[in-house]
Amino acid sequence: MNTLLLSHELLVLALGLLVLLADLWLPRGLRRHLGYAAAAGLAGILLFSFLAIRVAPGEVQYAFFEMYALDGLALFFKRFSLLAALMVLLMSVEFAESMPTGVSEYYALTLFALLGMLLASSANDFALLFVSLELITITFYVLASFHRSRMTSLEAGVKYLIIGALSTGFTVYGIALVYGLTGKLNFNELAAVSSSLGGNRLFLFGMVLILAGLGFKIAAVPFQIWAPDVYQGAPVPTTAFLAVGSKAAGFVLLLRVLFVAVPEVSFQWGSLLIVLSAITILYGNLCAIPQRNLKRLLGYSSIAHAGYLLLGIAALSRDGQSAVLYYLGGYLFTLLGAFTVLCLVMRQVESEDIASLAGLGQRSPLLAATLTLAMVSLAGLPPLAGFVGKFLLLKSVIAQAPAQPGYYGLAFVAIAGVVISLYYYFGVIRAIYWSRTAPDLSPIQPSAPIRAALYACIAGMFYLGLFPGTLVNLTEEVVKVLR
Amino acid sequence: MSFPGYNDSVLSLLIFGPLLAAALAMFLRSDNLLRGWTLVSTSALAVFSLPLYWRFDPSTADFQFEVNLPWIPVLKIHYALGIDGISLLLVLLTTLIMPLCVLASWRYINTRVKEFMICLLIMESAMVGVFCALDFILFFVFWEAMLIPMALLIGIWGGPRKVYAALKFFIYTMAGSVFLLVAIIALFIKVGSFSIPEIMGHSQSFSLNFQRWIFLAFFISFAIKVPMFPFHTWLPAAHVEAPTAGSVLLASILLKMGTYGFLRFSLPMTPDATLFFTPYILWLSVAAILYGGLTALAQTDLKKLVAYSSVAHMGFATLGIFALNKAGLEGAVLVMINHGITTGALFIVVGIIYERLHTRELAQTAGMGKHMPVFATFAGVFALSSLAFPGTNSFIGEFLVLAGGFEVSRSLMIFVVPGVVLAAAYMLRMLQKIAYGGTANPDHSRVPDLGLREIVTLAPLLVFVFWIGLHPEPFTRVMHASVQNVIQQTQGRAAPAAPAVAVLP
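Chains A and B, in that order, give the protein sequences.
Its first residue numbered 400, the first sequence is counted upward by one per residue in the numbering used here.
Its first residue numbered 232, the second sequence is counted upward by one per residue in the numbering used here.
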């Protein structure tokens with residue numbers, strides 16, 4: 400077996416262990432800066448990935464008896480997660496001041512969660528799917544409740560734990576049913592027999608349970624209940640990583656299960672996916688309207704975005720799948736930009752209320768501009784990344800509509816969701832620039848790495864909004880491994 | 232002012248010139264320097280745009296000054312520009328009104344001057360872009376790019392309820408434009424191209440049912456922008472709160488985008504659906520004319536009065552468009568231009584009053600004209616123009632629209648006639664108050680008359696009022712072929728060509 404196939408995972412694992420070891424010898428004052436070292440390590444791995452790892456279009460390389468697949472899709476998500484983790488680590492360094500102890504553990508756990516995401520990108524077998532899912536979820540239990548002195552943080556951890564355990568139960572039960580019926584765990588082998596099992600109720604039941612478990616990861620209705628509380632309570636970098644990395648991992652697993660393992664079954668599930676997507680969009684957007692806590696608002700908005708992403712899955716087409724990847728790409732820059740700003744603002748203002756953004760326009764024009772652009776991009780206005788993503792998703796849905804009119808309804812719900820979302824995104828922008836009373840007008844000076852990260856986010860949003868060609872080509876290429 | 236290669240580069244320069252000027256404005260420190268720079272750059276662009284008129288070939292309905300470069304090849308999106316007779320006039324209106332907006336906000340805007348000027352310049356780029364774009368996605372990007380600077384103009388430099396007005400404007404127009412986006416995607420999936428001329432060429436192959444849905448999606452988007460009754464409620468709020476330049480841009484250019492959308496997209500791309508829905512839209516237009524007139528009559532706030540009169544005037548424009556004959560369409564285009572000139576001027580007039588009295592209440596302004604003869608003359612001419620007095624620009628436009636409307640339905644026109652009378656009523660009421668007032672006028676003897684800057688702002692508009700009013704031929708000349716083309720695309724197979732009518736030059 401070629402070790403190069405697993406190089407991302409091995410390197411990240413080594414980096415995580417190194418961080419833990421370094422913690423033993425480093426003096427207390429320097430531990431905070433370990434985050435920069437970890438981020439630099441990730442940058443190195445990312446660079447290595449771009450230079451050394453190549454996968455020919457359409458080619459799949461397997462390891463561990465086809466349990467582990469390295470193809471374009473896996474590589475896309477690996478690089479995606481690495482980039483996300485890199486920015487989350489930079490954010491964590493800013494956040495570390497407010498953490499009493501265990502800063503290095505926080506960095507190490509972030510790296511282990513990343514390891515889970517890297518494995519998830521390559522999971523081609525229900526066993527690996529389960530293991531990677533658990534690795535992500537269990538590290539997040541700890542990451543979410545890291546603020547041990549804060550009630551809300553502990554509450555977030557417990558909620559995530561209970562509902563997470565429930566969903567794990569669903570997943571395992573589903574996997575057991577599927578395995579019991581077919582005797583197979585590998586996606587490729589399942590694909591060969593799944594066409595004949597399309598009518599078997601027990602098999603379908605098992606698949607539905609597995610989908611429920613994945614639905615929990617991406618926070619789709621009806622498994623969204625944990626998201627607002629956990630987003631609100633968890634430390635900001637955790638929330639950011641949960642919103643970007645964990646969600647992307649859920650989507651890559653969903654794509655693989657639906658379009659590699661059981662494509663014949665998935666293609667019968669158009670109506671189910673339409674309904675799920677529509678309800679998720681409406682629920683997320685409607686519930687976000689009255690929120691005053693910024694992290695909670697983003698929690699609901701992330702439910703809505705899970706709904707938009709499901710549009711691409713519900714379309715059951717190549718265009719839809721590649722649109723999902725594109726949307727995630729734009730979402731990465733947008734959301735991480737927004738969370739980085741939150742991290743900096745909330746460090747100084749204890750409250751997480753939208754009102755705490757008052758006067759940000761004067762306190763730091765860069766932060767204000769980043770957050771504004773992020774909100775505009777989330778709302779889906781040109782010329783930012785969010786617009787192109789929504790455009791591609793809508794296009795993939797409407798392309799299916801002549802065959803199944805239900806897709807017109809779905810497109811309508813999606814645009815209704817966009818209009819609703821304008822209201823609360825605009826509310827954030829209003830708080831930044833138009834608040835009458837600003838309690839605190841002390842300027843915020845972001846550190847140099849954070850400034851660089853913010854500029855990168857802004858550049859990413861504009862680049863993906865104005866010149867989508869490169870990424871569209873790439874995503875269309877990598878989804879060719881899916882059915 | 233022209234140079235070799237003018238035809239190929241003029242539209243791109245008109246779009247990106249303002250952006251470049253905005254980028255340079257970021258480095259300027261002094262407020263007066265910023266004002267001067269914006270004035271110089273918008274004036275230069277205006278002068279630069281003039282040769283468009285001479286170089287335009289009015290004998291053909293084809294798009295001219297075309298540019299077509301691939302922008303996002305993988306999605307088949309192009310950077311395609313071009314103008315025909317209809318968009319030519321609107322582009323020129325945009326470039327010519329911009330310097331006047333800068334002049335009108337010279338003293339009024341004192342805070343965040345830099346941001347204000349940058350917003351104005353970005354608006355210019357987006358507005359010119361909307362009228363020039365020949366690729367649907369490019370059009371949509373420009374269409375949306377206007378929203379944010381406009382919302383900022385209202386929301387930062389506006390009146391007391393500015394945030395409410397900005398939010399309402401933003402959500403209303405955005406709600407409309409998402410429908411537009413869906414229609415664009417549906418058309419792309421049908422035709423396989425975002426090119427506007429290409430989609431027009433395929434319109435014959437669309438089923439009636441498909442056309443109806445597309446038409447409705449277009450309609451929601453454009454009707455909100457026009458705004459047609461009953462989608463107009465954002466307009467008074469936005470106008471009342473916006474600063475003078477914002478109101479002028481809103482009235483003169485942004486509202487035209489709705490009617491431009493009907494002309495450019497609804498009619499040629501969904502011809503059968505247009506014929507199907509025409510009766511309803513004609514009645515909505517009549518409702519807008521009457522409703523706008525009656526509401527304007529009841530206003531005591533000058534800006535609201537002018538805003539509601541806009542609803543009525545735009546009712547004439549949609550009436551002309553959906554009369555679907557030569558007189559109606561040409562009248563509609565003229566009404567669009569005239570409304571841009573006259574209502575823009577009226578908003579500047581209201582702005583001048585507000586700068587002096589810090590109120591827009593009609594009662595407070597009573598008798599101003601006695602002490603300000605120059606001002607009274609300007610206000611008088613523009614008010615007369617707004618009520619379509621013969622010899623002024625609006626008369627020609629509204630007359631053509633009425634002529635076109637009579638061809639379609641006499642019973643309909645019986646309801647329009649009171650609208651014309653209403654226009655006279657509310658405008659003369661306003662003029663009477665401002666110019667003469669009553670026996671107990673507030674004391675205005677210390678209010679200064681117009682300064683040179685204000686005269687320079689209003690004079691060009693005055694020239695156009697009489698130019699179009701007395702000699703409209705140079706303006707109608709360029710649009711004949713394009714309007715004929717729209718009629719042909721719309722009625723090409725549904726009905727024989729409309730009988731020739733006596734039409735003004």
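If you are wondering where the hints come from, they were derived from the structure by calculation, not from laboratory data.
Note that CB positions come from ideal geometry on N, CA and C, so glycine has one too.
Treat the hints with care, since some could be wrong.
DEER-style ranges, computed between Cβ atoms [to be verified]:
(1) P679/B to Q761/A: 54 to 62 Å
(2) A455/A to V271/B: 52 to 60 Å
(3) S640/B to Q761/A: 34 to 42 Å
(4) G236/B to I452/A: 27 to 35 Å
(5) R338/B to L446/A: 51 to 59 Å
(6) G868/A to S438/B: 46 to 54 Å
(7) M550/A to G390/B: 38 to 46 Å
Here are the simulated DSSO-like cross-link-like pairs (lysine-lysine), alpha carbons at most 27 Å apart as the crow flies [as the list claims (entries may be wrong)]:
(8) K307/B to K421/B
(9) K558/A to K879/A
(10) K345/B to K879/A
(11) K879/A to K399/B
(12) K399/B to K345/B
Inset, instruction - Would you list, in rising numerical order, the hints stated earlier that this structure does not obey? - result: Structure breaks hints 1, 3, 4, 6, 9, 10, 11.
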